[in-house]
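Protein chains in written order, with the numbering used here: chain C, 1 to 119; chain W, 1 to 115.
Because the hints were derived from the structure by calculation, they are not lab data.
Warning: the hint list may mix true and false statements.
What the hints assert, rightly or not - Just some of the chain C residues that point at chain W, by a computed CB distance under 10 Å:
#1 G43
#2 L46
#3 G112
Stated by the list, open to error - To give an idea of the interface, some chain W residues facing chain C are shown, with a C-beta separation under 7 Å as derived from the structure:
#4 Q41
#5 G42
#6 P43
#7 F45
#8 F106
Ideal placement from N, C-alpha and C gives every residue a C-beta, glycine not left out.
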Amino acid sequence: AQSVTQLDSQVPVFEEAPVELRCNYSSSVSVYLFWYVQYPNQGLQLLLKYLSGSTLVKGINGFEAEFNKSQTSFHLRKPSVHISDTAEYFCAVSDIGDAGGTSYGKLTFGQGTILTVHP
Amino acid sequence: GAGVSQTPSNKVTEKGKYVELRCDPISGHTALYWYRQSLGQGPEFLIYFQGTGAADDSGLPNDRFFAVRPEGSVSTLKIQRTERGDSAVYLCASSFPGLAFNEQFFGPGTRLTVL
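Produce the complete structure using the sequences and hints provided.
Shown next as structure tokens:
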């Protein structure tokens, strides 16, 4: 079983400031890691994912995240936020699956972090 | 192209009633998932279909919840004898299973309110 903890429920920030949204996970097996964004009244949209390889992954809208296996973390960062980044962000994991490397991808989500960008 | 659609977008019902929530996945996507998002929480897995069969229903909270996908496309989540605690946003997602990773595409959700 896996669990995901997002350490901040709300993060207020001024426009053009940097931001970091924190995510820690717990799992007894290897996992894939994801960040999703949910704009008001819209569905979840995949922001970025870590499957393997380089621990620094880049996503859409200028976001990036770094996988740290020793600290079981996958924090999301953006060097300069915009008003349009105001949304709720979810960190999620899914197990890598069987020996063949396939997984049906059941996601376990964190509680979410509401990012509010002020002018 | 068309994404995942869910109907209705909002459903208000009274305690004890029966409700059905519908999900239309992206055409060609054989995998379909239901999640439930309670207020202030992240989505929680309910059930996963591969084709017509429920491959994993371990997230269904009790036997009042049931889901079907008879033709391997549209899915219906059915809730009997609704309770106030069932109020939540019900999300559907679909994917096309690949070699190692299936990106899930989410619908906008159905907001269920049980009075």
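Checking each numbered hint in turn, tell me which of them this model violates, lowest number first. none
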